[in-house]
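There are 2 protein chains.
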Amino acid sequence: MARTEISTMGEFGLIKHLTKDLKAVQPSTKKGVGDDCAVMDFGSKKVLMTTDMLLEGIHFNLEYVPLKHLGYKAAIVNFSDIYAMNGTPTQITVSLGISKRFSIEDIEELYAGIRLACERYNVDLVGGDTCASMTGLTISITCLGTAAAKDIVYRDGAKLNDLICVSGNLGTAYMGLQLLERERIVMSGPTPNPSLKGGESIPAFEGREYLLERQLKPEARRDIIESLRKAGIKPTAMMDVSDGLSSELLHICSQSKVGCCVYEDKLPIDFQAAALAEEMNLNIVTCALNGGEDYELLFTCSLDDYEKLIPVEDVYIIGHITKPEYGCNLIGRNGEELALKAQGWNAFED
Amino acid sequence: MARTEISTMGEFGLIKHLTKDLKAVQPSTKKGVGDDCAVMDFGSKKVLMTTDMLLEGIHFNLEYVPLKHLGYKAAIVNFSDIYAMNGTPTQITVSLGISKRFSIEDIEELYAGIRLACERYNVDLVGGDTCASMTGLTISITCLGTAAAKDIVYRDGAKLNDLICVSGNLGTAYMGLQLLERERIVMSGPTPNPSLKGGESIPAFEGREYLLERQLKPEARRDIIESLRKAGIKPTAMMDVSDGLSSELLHICSQSKVGCCVYEDKLPIDFQAAALAEEMNLNIVTCALNGGEDYELLFTCSLDDYEKLIPVEDVYIIGHITKPEYGCNLIGRNGEELALKAQGWNAFED
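Here the protein sequences line up with chains A and B, keeping their order. Numbers 405 to 754, taken from my numbering, label the letters of the first sequence in order. Numbers 405 to 754, taken from my numbering, label the letters of the second sequence in order.
Chain A on its own, in the form it takes in the complex (with noise of 0.2 Å):
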């Protein structure tokens, strides 16, 4: 691959170069990248606004994440907070910082994933800055939407015996994540195994596919908002999973003022998943509780909505809400009780 430095081209040339043949699908954009400001028009319309920071060494290893799949998912992660509003992403604003280990391609690749994930979900891209770094690679998002007043939801929504749902499965990236760094340790660890030979040390990834996109291509599950749709059911409450459900959870109880019950048995937990965790000797519904970056919707939505969920694909209930000096609990496998700590990492911590 050609690597032209980005020194050649400069901010303007490499601003220029990257968003050339940008076009607006969005009647809202008036005015995308190249003025101070890019200009919308929503009309009647409320404006949901969210930003989300990728630092490189904190959330992403470029070791085993290829920079076009990173820029699809710092798109997704900001069109899943607009869609955890039940609301629909219109447009964005990218702000790099590059340092000089990066070349053109480098960003056109990170620009692609960006740009794929855009088109997918019809969003615009409508402006940014792009900046030199002492080290390593930063990318800003942030996401505009729309939503009509009547149908954004908050995360303070939730009532006493609303039903408590989530999309898809849990834990999955986290798992893909584990896979990804057990491979990296042994393809490039200073202490190579010495019980492989040289042939031995591909990445054994093989029917673990499912694992790796989780973590390296999320998707936004613009389905689930609109499958609800379909069926009639505006949640009470609402987020997505990025942080892990354990921390989710007691952000809607705690915003809400109510507690809440989930059952061990009810979480949906993917198989390849569970056969990993086993392999590595880890908790499968420790990783589910709290292994965060999911993406997958968590809301809760009255009980009188129970015979219109139950033909929503892909949706599951998982517990249901309670009065707040219930607090927030996990009931096992054999009935034991367990309160719901936000378990998950401190990034600040050493």
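Everything labelled a hint here was simulated from the structure, so no lab data went into it. Some hints here could point you the wrong way.
One copy or two, it doesn't matter: identical chains are merged, so the pair holds either way.
With a cut-off of at most 20 Å between alpha-carbon atoms, the simulated SDA-like pairs for lysine to any residue come out as follows [unchecked claim]:
| # | residue 1 | residue 2 |
| --- | --- | --- |
| 1 | Lys420 | Arg626 |
| 2 | Lys712 | Glu409 |
| 3 | Lys712 | Glu513 |
| 4 | Lys554 | Ile637 |
| 5 | Lys504 | Asn465 |
| 6 | Lys420 | Lys745 |
| 7 | Lys554 | Gly447 |
| 8 | Lys434 | Ile721 |
| 9 | Lys434 | Gln659 |
| 10 | Lys745 | Gly414 |
| 11 | Lys434 | Gly447 |
| 12 | Lys638 | Glu717 |
Every value quoted in this text rests on a predicted model; they were computed, and no experiment measured them.
Could you slot chain B onto chain A? The hints should help.
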């Protein structure tokens, strides 16, 4: 000053701590920090969106930039982009990447500066992302604003014979940076100046406070936007001067498909800046053309507005728009013509 490790609070604790007494002042802010997205209602107005990223070691040096000033500036540079469209900034989201070198008190200082800027400009802080970084500090702010469709000023509207105007003065922020950089080397250089005795190494900032202020605590020119509105002038094209006058003029001319002619003796230069340039053997005109970070407003307006423009304070006519084939030129004090170039430093070069 106390030093509390960020790990004692974690991400959510830190966000809660930093945002606990935020109050919305903009009627359009329906929901601020605390959900997946902020929610805004702009009624029938147009929405403007801009973003800027500041990286340690590239955009700022914490050896001489206090964190509170840095926060203030990081917000201001975004407001400036909204004013440069003839809009009003209304909401920001703030994303921070923070290394272990920083304590909670440090981030409070940074946030205090951001919040002060928000208060002064009536902008709501409505969300963000706070995460650990491997090295250094990264600040990414995205700003929304509003404008009536008829008021928005783009870069591409400059017409033949339009007047070219600029507010305030140019090159001053750059000279402030030179001053800070010189004192940093004197104070912390590996080879202290042997001719200096202990008492003499006090920073030579006296009488030069204005230069420092322009670099460390710039303001966005809301006052100019208001004055122009009162005077009944709508610019035909406008930008803020962040990369240097030459670079911005070239943007306006290329997007408007026109040429321009500006006069060296019309460029507004501050006296302190000129004196320091002389002392440091720098050409102040070059600094004014290429210095950057002035956050003044550069605009064009119809010759018919000349009479209305005269009483507007702190706005200077520096030239006029020409046919595109004339190119973009500076007329020197002796009548010599010089083609304008975007000399602004290329941070991607070695």
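Status of each hint after checking the structure:
no., hint, result
1, Lys420 <-> Arg626, "neither (31 Å within a copy, 29 Å between copies)"
2, Lys712 <-> Glu409, "neither (56 Å within a copy, 49 Å between copies)"
3, Lys712 <-> Glu513, "neither (43 Å within a copy, 51 Å between copies)"
4, Lys554 <-> Ile637, "within (13 Å within a copy, 40 Å between copies)"
5, Lys504 <-> Asn465, "both (17 Å within a copy, 19 Å between copies)"
6, Lys420 <-> Lys745, "between (47 Å within a copy, 18 Å between copies)"
7, Lys554 <-> Gly447, "both (15 Å within a copy, 15 Å between copies)"
8, Lys434 <-> Ile721, "neither (42 Å within a copy, 31 Å between copies)"
9, Lys434 <-> Gln659, "between (36 Å within a copy, 16 Å between copies)"
10, Lys745 <-> Gly414, "between (48 Å within a copy, 14 Å between copies)"
11, Lys434 <-> Gly447, "both (12 Å within a copy, 16 Å between copies)"
12, Lys638 <-> Glu717, "within (16 Å within a copy, 55 Å between copies)"
When held up to the earlier numbered hints, the structure conflicts with 1, 2, 3 and 8 and fits the remainder.
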